[in-house]
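Going line by line, the protein sequences match chains L, Y and P.
The numbering used here puts the first residue of the first sequence at 53, with every later residue one more than the last.
The numbering used here puts the first residue of the second sequence at 53, with every later residue one more than the last.
The numbering used here puts the first residue of the third sequence at 53, with every later residue one more than the last.
These aren't lab readings, by the way, just hints derived from the structure by calculation.
By construction, the Cβ of each residue, glycine as well, lies at the ideal position given by its N, Cα and C atoms.
There are no misleading hints in this set.
To be clear about the criterion: a stretch of chain L counts as covered by chain P if any three or more of its residues have a C-beta under 8 Å from a C-beta of chain P, and this derived list gives those stretches:
| no. | segment |
| --- | --- |
| 1 | 103-110 |
| 2 | 116-125 |
| 3 | 138-148 |
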Amino acid sequence: MYLRNCWYVAGWNYEFEAGALTARTLLNEPIVFYRKADGGWVALADRCLHRFAPLSRGRLEGDDLRCLYHGLKFAPDGRCIEIPGQDAVPETACLKRYPVAEKHSWVWVWMGDPALADEDLIPPAIGLDDPAWTFGSGQLDYEANYRLINDNLLDFTHLTYVHANSFGAGPEWAYTRPNITRLDRGVRVERWVEQPNSVKSRPAMRPDEADGYTAYDFLLPGVLLMRSASYPKGTAAALDRKPPPADMAPLTQTFTSQAVTPITDETSRYFFSWGPPAGEGSRELADTLMGIAGQAFAEDKAIIEAQAAVIRRTGEAGMMATTADAALFQFRRIMDRLIAAEAEPARSLAAVTDR
Amino acid sequence: MYLRNCWYVAGWNYEFEAGALTARTLLNEPIVFYRKADGGWVALADRCLHRFAPLSRGRLEGDDLRCLYHGLKFAPDGRCIEIPGQDAVPETACLKRYPVAEKHSWVWVWMGDPALADEDLIPPAIGLDDPAWTFGSGQLDYEANYRLINDNLLDFTHLTYVHANSFGAGPEWAYTRPNITRLDRGVRVERWVEQPNSVKSRPAMRPDEADGYTAYDFLLPGVLLMRSASYPKGTAAALDRKPPPADMAPLTQTFTSQAVTPITDETSRYFFSWGPPAGEGSRELADTLMGIAGQAFAEDKAIIEAQAAVIRRTGEAGMMATTADAALFQFRRIMDRLIAAEAEPARSLAAVTDR
Amino acid sequence: MYLRNCWYVAGWNYEFEAGALTARTLLNEPIVFYRKADGGWVALADRCLHRFAPLSRGRLEGDDLRCLYHGLKFAPDGRCIEIPGQDAVPETACLKRYPVAEKHSWVWVWMGDPALADEDLIPPAIGLDDPAWTFGSGQLDYEANYRLINDNLLDFTHLTYVHANSFGAGPEWAYTRPNITRLDRGVRVERWVEQPNSVKSRPAMRPDEADGYTAYDFLLPGVLLMRSASYPKGTAAALDRKPPPADMAPLTQTFTSQAVTPITDETSRYFFSWGPPAGEGSRELADTLMGIAGQAFAEDKAIIEAQAAVIRRTGEAGMMATTADAALFQFRRIMDRLIAAEAEPARSLAAVTDR
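Please put together the full structure from these sequences, using the hints given.
In structure tokens form, the structure reads like this:
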């Protein structure tokens, strides 16, 4: 059900207080996070080996973690290094350790085989501290399986119906189809939007007298990286609706990094940042965008949780595909193939490599 | 578990606002209701064909219903008539449609084979707008399987113990047995009550110096239609406790229509009206009766939900039958036989007809 | 999963109001308790034979109990003695009756074969009315299986980590091991504590200039009876850490009776009393101890419920034993062997006797 050999966002780096233990659940697994004195990250199974008390209720002793039920102590690599009142500690006494990395302002955790963890596989999100951009950020919890949120992000026809007010999205989003490109670990979705905003008060989204161009990569396991830009009216037609060249300066642009992380089978966490290029007035604009996003993401949450409630009651079998599902199905196929490959251990490494 | 080929009460007609979508769940199935411009009723599966979003969060466009997730549009007969951005709509793209009828102030929905839906099978309740009567009405939600509520309504020995205060019911209800007649689609339960009310303040129920006669039909799938009347003291004995002739004028009388609808396996909705014949003072009397009913039905809800909680914990096997269960078992046999017949499709129509 | 042929604490005797019905659930079984006019205790299945309404919502009629759904009446021995409106009552119509005994201020109920109920098997707790002691008492509900609470009480290494502040427990509790003796129906755990309290403000627990000696029996199904005493500094060494002789007068001492009762598989109730010998100032001291216990038992509840939540999510398999688990495993072995013996009815009596 889950792809394990990949990096999941465990949280924004600012959620993890220095010197403190932070408990998170990913893919049904309780994990405790902390940082060592040298700043290095530690992520261990949040379950003492002895009687299964959560270690996140424990105590840091230097770089080590002591369980505050019966006092077992663990090194940052998960090895049990003390059992109070007992001379020997079994050599096999070791907590599951998760590879963890801080990158692009997110804390990422590798849920699969540690030997395969490769930081180059972390999607190229843009961090909050990137000097070229001014971002707002946030997160939202869902009572829904993560795939329903991925699906939502892979089919923007919903903008016309779910986000007519918040994003001011007009009918074009539903009535035309984007260009979809298969990527190594995901899909690229690109489109021109030539209609004016349906809501006039949305200049923060795109000037009315302009053509919009949005392009996003949706990458394993559920990371959306999107640039939205506007160009002088007529640019789309002049370019025959091909992507704008890299050196064509946009009138305006924004960038958003988003990530979906499964907590349990029925709950998920959604992380997001959004903002314009750094510069005068960019903080005010980022704040405005966060206000719009707050409204829009609440709209997504309402419909997705309602959909999840129907699925819990009636099951998922029998959904009718439409042409709007193209990116969604491409992404699900990538995901399902990799999940299946992980289920065949002997062949899994080959399958991941020989994609 | 459920009888499908019959009409269930989905709600009071006044619950369904004109121009609005109303979501109801019956027999675990989410259904969306609305009315067309010509007043005609529509009841469709409340689940878009595409990604299973609830259509009750959608939008009426004339007589059509548009899903507000990705914009699919449906005609009142359930056919999908538009998929935005896609030229062709598959011919088989059709929502489940439920036959629906408004009658006797209730909105009824047929949960089985639409081809068998026959409005003549709607039980002859009396509507709130009947000029001969003055009714109050209401409803109550239960955390209990519908059969426990049916059982309650089929055995009035509980009046003595559950409703001594509210209805002022004396011991006669428990210590004598009613006459039970098998009907085509239910049972008839009739009895004389010659003891005075145990609560002196209940003249609204029956004058103390009178014989009471109550008769109700309990009809598939769970509809109670009851007339309670009083006659001069001694009438019961003079008639040898046979039913009063149709032309014998009662001192007082009331009529109540009640219906039990399964929502899920563990929740149900109970609808009720009650009142005296129309005339001077009948509104005040109907209000008084509603006050009494409010108390009494809360008593039922308390004991039935407590019973349901025990059954959830210990199961239902091993209940001990008593002679008070006669009507209850007759009704369950009718129900169980029809449910079994529905499970054998080839023979079901015959079984329903050849009852 | 449960040992049935033993006495469980259903509650403090002061919880059971005279003339009232008290509902309790033990081992998933709803039970109704009341006292007869002569003071004798009655415990019956809290489920009417007829339609499974809870009898705790019924009415006492003298020493008999009437169901307030359809009026069936039961004698204190569980026999149905009246079915209103029905001449004969089936001879087999009988509620499950539980042997019940009031002893040491607790109401005990025997959950197994009534023929085996033997009040001599009730553990020798000390009641609140014992003139030699001054006790405070209380109880706490847990969202945890009862065995996790038993485990906690069988391994006091947790005092160092869970109760450093409340009980002022120092490292000695974790770094030395108690003496454990197998008893007929449990284990005895004894130890000297020679280190001073870690919290100076805990003279109520033990004077700092003293050696402490604590000894408790932990008895089936989950009853802890503990005496904690202090002796002049050096006594432990002088006695070579053997138990103090019975005639050696302690400087101070306290006694605590504690009992763990399974409510459901995932909930439990924990009863406790604690106090010093009767005498001047003993009520104030008992109140002080109850304050400390309130803090300490909340600490236990927090860690045990957190542990229970982990186990609900990940299962219980794979816990790593330590030398601190000796008493815990001895007790579990006794319990498991008796539970297994009960599952083989023909051999169960022999097994219980031939322990």
